[in-house]
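There are 2 protein chains.
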Amino acid sequence: MSTQEDTQNCVFIGKKPNKNYVFAVQTQAQSHNEIFIKARGKSISHAVDVALIVTHRFLTDWEIKDMQAITEEIKSKETDKIDRVSTLTITIRKNG
Amino acid sequence: MSTQEDTQNCVFIGKKPNKNYVFAVQTQAQSHNEIFIKARGKSISHAVDVALIVTHRFLTDWEIKDMQAITEEIKSKETDKIDRVSTLTITIRKNG
Chain A
59 MSTQEDTQNC VFIGKKPNKN YVFAVQTQAQ SHNEIFIKAR GKSISHAVDV
109 ALIVTHRFLT DWEIKDMQAI TEEIKSKETD KIDRVSTLTI TIRKNG
Chain B
59 MSTQEDTQNC VFIGKKPNKN YVFAVQTQAQ SHNEIFIKAR GKSISHAVDV
109 ALIVTHRFLT DWEIKDMQAI TEEIKSKETD KIDRVSTLTI TIRKNG
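If you read the protein sequences in the order shown, they are chains A and B. The opening position of the first sequence corresponds to residue 59 in this note's numbering, with each subsequent residue numbered one higher. The opening position of the second sequence corresponds to residue 59 in this note's numbering, with each subsequent residue numbered one higher.
Hints in this document: simulated from the structure, not taken from any laboratory. Predicted model, so just to flag it, every value in this text is computed and none were measured. Glycine is no exception: its CB is placed at the ideal position from the N, C-alpha and C atoms. Heads up, some of the hints might be wrong.
Chain A side only, calculated, beta carbon under 7 Å to chain B, not exhaustive [unchecked claim]:
#1 100
#2 102
#3 106
#4 107
#5 125
#6 127
#7 129
#8 140
#9 144
#10 146
#11 147
For reference, chain A alone in the conformation it holds in the complex (with noise of 0.2 Å):
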């Protein structure tokens, strides 16, 4: 596996629905061991959401092996004012 194909087991959760994050990440299990699931902010409960749609009801065989939560400092550009959001990063992996 490339050093590319690496930096590709990430799925960052936004606005969409559920379903399209779910789909993400079934492709990505396609090629890869192991997947980030990444949010920030709002997004975080969906996060978890997918991580648990995916792990109990499509990948049988994968489990949530992490979650590491940091805090991120984002600077406002039409501010200057510094913003914290906290991060959340779920490690699926699977069994085996």
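Got chain A; can you put chain B on it based on the hints?
Coordinates of chain B only, in the frame set by chain A:
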């Protein structure tokens, strides 16, 4: 520490401002070395916010030790329909 106290080291995140829950966690921290921050559905992102705010700004000798996501099934009283909702439990613990 009695069993009753042990069941109290849990803070449920709802729809109030985050600072209320940050305060609740700080209060619990006076009598516990481990606290569970729990949330369902859309409140999950607030639980992550609260855990990060507490461990970064207020209880700097505490750390996020674990995060567990599960799916809970809730039966609607009106329609008898079963709804699934994601639940996140964040464990924070005092170092040493």
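Going down the list of hints, with the structure as the test:
The restraint placing residue 100 of chain A at the interface with chain B holds, with a minimum CB-CB distance near 5 Å, inside the 7 Å limit. Interface restraint check: residue 102 of chain A against chain B, minimum CB-CB distance 4 Å, threshold 7 Å, status holds. Against a cut-off of 7 Å between C-beta atoms, the interface hint on residue 106 of chain A holds, since the closest Cβ of chain B lies about 5 Å away. For residue 107 of chain A, the interface hint holds, the least distance from its beta-carbon to any beta-carbon of chain B being 5 Å, beneath 7 Å.
With its C-beta approaching chain B no nearer than about 4 Å, residue 125 of chain A sits inside the 7 Å limit, and its interface hint holds. Annotation: residue 127 of chain A was flagged as interfacial toward chain B, and the flag holds, the nearest CB pair being 5 Å apart, inside 7 Å. A hinted interface residue such as residue 129 of chain A counts as satisfied when its beta carbon comes closer than 7 Å to some beta carbon of chain B; here the least separation is about 5 Å, so the hint holds. Interface hint status for residue 140 of chain A: violated, as the beta-carbon distance to the closest one in chain B is roughly 14 Å, over 7 Å.
Here the hint on residue 144 of chain A is kept, as its CB sits about 5 Å from the closest CB of chain B, short of 7 Å. Among the interface hints, the one on residue 146 of chain A holds; its C-beta lies about 6 Å from the nearest C-beta in chain B, closer than the 7 Å criterion. A hinted interface residue such as residue 147 of chain A counts as satisfied when its beta carbon comes closer than 7 Å to some beta carbon of chain B; here the least separation is about 11 Å, so the hint is violated.
Checked against the numbered hints above, the structure breaks hints 8 and 11 and satisfies the rest.
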